[in-house]
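Sequence lines, in order, name chains W and B. With this note's numbering as the guide, the letters of the first sequence map in order to residues 1 to 229. With this note's numbering as the guide, the letters of the second sequence map in order to residues 1 to 470.
It should be emphasised that the hints constitute simulated quantities derived from the structure, not laboratory data. Even glycine gets a Cβ: it sits at the ideal position worked out from N, Cα and C. Mixed in with the good hints there might be a few duds.
Below, computed lysine-lysine pairings styled on DSS-like, alpha-carbon distance capped at 25 Å [claimed, not checked]: (1) K335(B) with K370(B); (2) K311(B) with K192(W); (3) K48(B) with K31(W); (4) K192(W) with K467(B); (5) K166(W) with K467(B); (6) K163(B) with K266(B); (7) K11(B) with K184(W); (8) K311(B) with K335(B); (9) K166(B) with K166(W); (10) K74(B) with K31(W); (11) K184(W) with K370(B); (12) K192(W) with K164(B); (13) K192(W) with K266(B); (14) K163(B) with K184(W); (15) K164(B) with K180(W); (16) K163(B) with K180(W); (17) K253(B) with K11(B); (18) K253(B) with K180(W); (19) K166(W) with K335(B); (20) K253(B) with K192(W); (21) K467(B) with K370(B).
Far from chain B, some chain W residues (derived; all Cβ distances over 10 Å) [stated by the list, open to error]: (22) L7; (23) D62; (24) S81; (25) F93; (26) A139; (27) C157.
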Amino acid sequence: MTPFTTLQAIACPLPLANIDTDQLVPARFLKQPRAEGYGGFLLHDLRFGADGKGASAMALDDKRYQGASILVARRNFGGGSSREGAVYALLDFGIRCVITPSFGDIFASNCVMNGLLPACVNEIDAEALLAHLQEFPGAAILVDLETQWIVCGNKTCTFSIDSFLKTKLLNGWDDVDVTKSFAKAMSSFLLKDAAARPWARPALPAARRQQARPGDSPSPDHPSAARET
Amino acid sequence: MRETPRTIIDKLWDSHVVVAREGGESLLFIDRHLLHEGSFHAFEQVRKRGRSIARPDLSFAIADHYVPTRGRDKPIANPDIARMVELLAQNANAHGISHIGLEDPRQGIVHVAVPEQGLSLPGLTIVCGDSHTSTHGAFGAFAFGIGASEVAHVLMTQAIWQKKPKRLRLRVEGATLPGTTAKDIALTLIARLGADGAQGHAIEYAGSAVRALTMEGRMTLCNLSIEAGARNGLVAPDATTYAWLKGRPFAPKGEMFERAVDDWEKLASDADAEFDREAVLDGGEIVPIVTWGTTPEHALPIDATVPDPAKVDDPAQAAAIGDAIAYMGLAPGAKLSSIPVDRVFIGSCTNGRIEDLRAAACVLAGRRAKVPGLVSPGSSTVKRQAEEEGLDRIFLEAGLEFADSGCSMCVGINGDLVPPGERCASTTNRNFKGRQGPRARTHLMSPAMAAAAAIAGHLTDARELLKGRT
Ligand code: SF4
């Protein structure tokens, strides 16, 4: 994953609250493999209507905001469904940062997993940014993750982000490799846990037990249960 | 020295920490990883990295989101949907993961069918690439929804990096009135907290009204945690939990079950444990609720009226209300009970359990619906049970369709859609714009309320139709 440090880019206003992930990418598009690109699905029904034939009146499709990499919206952005397609749609459209007063939790971690910055500002700053972007279409915003500052015209404000998510973005960490580096801690956890919670492994259902041939391991545990992760 | 008192949230968290890093995030071990058709992005990521699946024995795949609810005896007609259902089977088989497919008698919505199998237990961590995974918290599990990249991570490591959520206790004290359900409790809480009110929190539901709920009711309550922004919600396990679990196929057996109950008893929050936030609700104040707008926080008692944006001071909030009313095609100030509906849907992981079907049938018995409707049981097991109890006949005689189990009209990706512009009384969990289909208008409510709307042809207080019946 590419680290996220600073971004200076055209910002696009989306003066709506409660943009849930169903709106960010309607469910019917989720069947598509990622390789085919999700950019065209971003806010599809809001932009083009359900039949896809409408003319978008949104800033996203306004020439003056073309090339925007930052989106500014109202509260509760990305609530609802856990679909990561919502983040794919933003990224494939070219968005690297969303600024809003609050994010859905799952959406925010999906963003970070994909290198997109979810920046939280207070309601007053969000309204000021929206007003500025509407007054000066095509204006750029500077976002600095290390210091958590936003600069927009002659206005500056801070944003908040979970320290855990921030570190991940700044380093562009690949979680799987980090996790694998804790293999030893995992084995000792498993050992302790097997003694503390022997009931936690799924018991084999009765029907499958009866099917087990004589000589099969009497342990109800799946053979791979003992394998190290 | 006395140990620091801990909440159930702390206890579940502590028992799963593999390693804690500076900065507050911990690597949590995952006891159950549930997969569905939408997991294909994650399998794709695993394949790209050339990795293997860490613990197929703790992973369970089940077909629900895309499955057709009609004509299940024939091959799936829509090739795109057939491909999604087949892809899950292929991915599961390729990696040695147990798979519950379309023909399996245990099939159903992941959050209904998996608990039925005794796979959701107190004291476990449970994840799934689905935001309503919070449902399994009803058993006293730490259960939360994750995104596709996190699913891939869990597949490859059987663990996940998480920051510990803040702890929020919601207590509902006192008896609830007859005719109000877990759905009404949940919608009341969501309306008060806001759709983002519990972001960053795990919720413990407590209080006598919660204790009085059946497992089905607790699942409905925990299911809706995400609609208040919480990634998970849970209820401490008790005798109701143990009785429900005992004898289920994957649950511990014999002495191991007794041992487990001993451990589970210790999960409850210590009496003097501190929460980051607390709120108390009087159970006696809760009445049947319906939503009028486009987020679950737009919820009001059935005897209320549609809000008027002109009377709201905050301009952003007034704009949001105005936008919702316009989408829903409603007039400010109109009585909620006067809103006509075009169809009803009874089902989903929120309200597709046997109790939900019984509650709907209780209203419908001997009556005819004025509008068409679909009943899709939460699992094939629920379906068989409903048929044994004769509920299917009640639905059919009322003029509703009784179909097979799946996510169905909750999200519409299997093709069960609310037509554009139509208004649906629905027992699901999201009234988002376009959720049940492009331009569809959704009103969320309990199964009895949806059944009552079917009979009346408009939103109405189910308690009127339940008089003398319960
Ligand atoms: S029934 Fe609806 S909310 Fe539940 S898992 Fe299926 S799509 Fe998600």
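Quick rundown of the hints versus the structure:
1. K335(B) with K370(B): The given pair, whose Cα atoms are some 20 Å apart, holds under the 25 Å limit.
2. K311(B) with K192(W): 60 Å, violated
3. K48(B) with K31(W): 18 Å, holds
4. K192(W) with K467(B): Distance ~56 Å between K192(W) and K467(B) Cα, so the pair is violated.
5. K166(W) with K467(B): Roughly 56 Å separates the two Cα atoms, so the pair is violated.
6. K163(B) with K266(B): 24 Å, holds
7. K11(B) with K184(W): Measuring from Cα to Cα gives roughly 23 Å; hence the hint holds.
8. K311(B) with K335(B): 16 Å, holds
9. K166(B) with K166(W): 18 Å, holds
10. K74(B) with K31(W): Within the cut-off at roughly 22 Å; holds.
11. K184(W) with K370(B): Roughly 64 Å separates the two Cα atoms, so the pair is violated.
12. K192(W) with K164(B): 22 Å, holds
13. K192(W) with K266(B): Distance ~18 Å between K192(W) and K266(B) Cα, so the pair holds.
14. K163(B) with K184(W): 21 Å, holds
15. K164(B) with K180(W): 21 Å, holds
16. K163(B) with K180(W): At roughly 18 Å apart (the allowed maximum being 25 Å), K180(W) and K163(B) satisfy the hint.
17. K253(B) with K11(B): Judged against 25 Å, a Cα distance of about 24 Å means the pair holds.
18. K253(B) with K180(W): Outside the cut-off at roughly 34 Å; violated.
19. K166(W) with K335(B): 47 Å, violated
20. K253(B) with K192(W): Judged against 25 Å, a Cα distance of about 22 Å means the pair holds.
21. K467(B) with K370(B): 20 Å, holds
22. L7: 21 Å, holds
23. D62: 19 Å, holds
24. S81: 6 Å, violated
25. F93: 18 Å, holds
26. A139: Its Cβ never comes within 10 Å of chain B, the nearest being 21 Å, so this holds.
27. C157: 17 Å, holds
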